[in-house]
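**Student:** Here are the chains, one letter per residue:
Number of protein chains: 2
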Amino acid sequence: MRYKIILEYDGTHFEGWQSQPSGKGVQDHVEKALAAFNTEAPRTTVAGRTDTGVHALGQVISVDIERDIAPEKLCDALNAHLRHTPIVALHAEIVGPDFSARRDAKMRHYRYVVFCRKPRTALLAKRVWHMRHPLNISAMQTAAMDFLGQHDFTSFRSTACQSTRPVRSVDSFMIRLHDEEIWFEVSARAFLHHQVRNMVGTLVEIGRGQRAMDEIPSIIAAKDRSAAGLTAPPWGLYFVKVDY
Amino acid sequence: MRYKIILEYDGTHFEGWQSQPSGKGVQDHVEKALAAFNTEAPRTTVAGRTDTGVHALGQVISVDIERDIAPEKLCDALNAHLRHTPIVALHAEIVGPDFSARRDAKMRHYRYVVFCRKPRTALLAKRVWHMRHPLNISAMQTAAMDFLGQHDFTSFRSTACQSTRPVRSVDSFMIRLHDEEIWFEVSARAFLHHQVRNMVGTLVEIGRGQRAMDEIPSIIAAKDRSAAGLTAPPWGLYFVKVDY
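Respectively, the protein sequence lines represent chains W and B. In my numbering, each residue's number is its place in the first sequence (first place is 1) plus 1193. In my numbering, each residue's number is its place in the second sequence (first place is 1) plus 1193.
Mixed in with the good hints, there may be bad ones.
[Unchecked claim] Here are the in silico distance ranges between beta carbons for each label pair:
(1) B:Y1437 with W:F1230: 54 to 62 Å
(2) W:S1419 with B:D1269: 53 to 61 Å
(3) B:A1420 with W:R1236: 53 to 61 Å
Keep in mind that the hints were calculated from the coordinates and are not lab data. This one's a predicted model, so the numbers in the text were calculated from it and none came from an experiment. Glycine included, each C-beta is placed from N, C-alpha and C at the ideal position.
Modelling step: build the complete structure from the supplied sequences, incorporating the hints.
**Tutor:** Next up, the structure:
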């Protein structure tokens, strides 16, 4: 039986989603927990391979389990074995035998949170990117519109990105103020490695007045990583949800 | 010169506000930081002596400092010395020589956050009280109205409470839903020890249907701690602000 499972996790103390020789990938913990109450050692397929320090509110995995177990029971058993970790299964359901959490994803939604005030934050450390200086929200909103649509995002992908094609289509990019937090919400079918963090890092430079707000098209046209801004740190990034 | 300073802190790893032989009180860290850039060892007076694990968004202290230092510089110097702790100075100002953060407080505002859903929370551990079961918000709202006004709160104070008088006046009690969080916001000139956590613990029993929503007056009348509900855990409690 194939299952789809939605996971929430605090990425702070993991080396990203993917299984690591150190055993510190989120995947290592989830697969170990699944193996603890199944005779086989189930292998998971993930919607988004989050990096070290990146959080998830709605990560999705698909996994085959030999014995027939009710989805709610699977969720409870998984949570029982994950109880000493900051990983929680929110939901499980039975899906068709061809379903893939990765391949069938129609839209991936990310949120990046910048915390904007002079003093540090005592309560949101490792949850937000702290910015001492004010940011011009409307300049960033105007600039973000230039990311929409299909572009070659070479300037915004990690030089280590292994994707064969650098073209992606950004469907939505909204920037909103929530008290002292600025939320960057971006949606696309798929993203390149570091694409969200590089887009946010560049927008923040625009928000601080270090770049003009009409620079995005020329940065995209350059197809050169060094033309764009810095990579925003991982701890402000949340993998929010996936549409299928 | 006397200063008023507003502090934010994550109470998780401290043994409450008050100075401890272990050195693990928030006060110990703040006074050590103040002593690091002053010739004397300044002693602080605090608005609210928070317990172990309780957080502060707007704790207030008053403190005398011999040398004349601009408030903004005081804030920066204090933050520099507190940088390895989850304690942040948000604001400092010069006040009159008779000002006391404790004695002059006209109103203290607390928030208690319950996180209500079946699975645990990966991202808000030690920030909220997790409740697996749904709560009846309107029953709790109705019951909370019976706390308003002046009462003998003996039933809602810790048996270790050292206050000579058990009478307090609750001025406002609002219960609101924020997605999966329930915020209990309560204001009074002063509170007894554990009063907020005991009121919230009792309201949650009403929200779960374990007590009737009209029980509060008889619990107050009993003047007996055992008549009220359990003490809500400290990690859901925030000392929000003080009016002077």
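**Student:** Look at each hint and say if it fits the structure.
**Tutor:** Hint check:
1. B:Y1437 with W:F1230: 54 to 62 Å: 57 Å, holds
2. W:S1419 with B:D1269: 53 to 61 Å: 35 Å, violated
3. B:A1420 with W:R1236: 53 to 61 Å: 56 Å, holds
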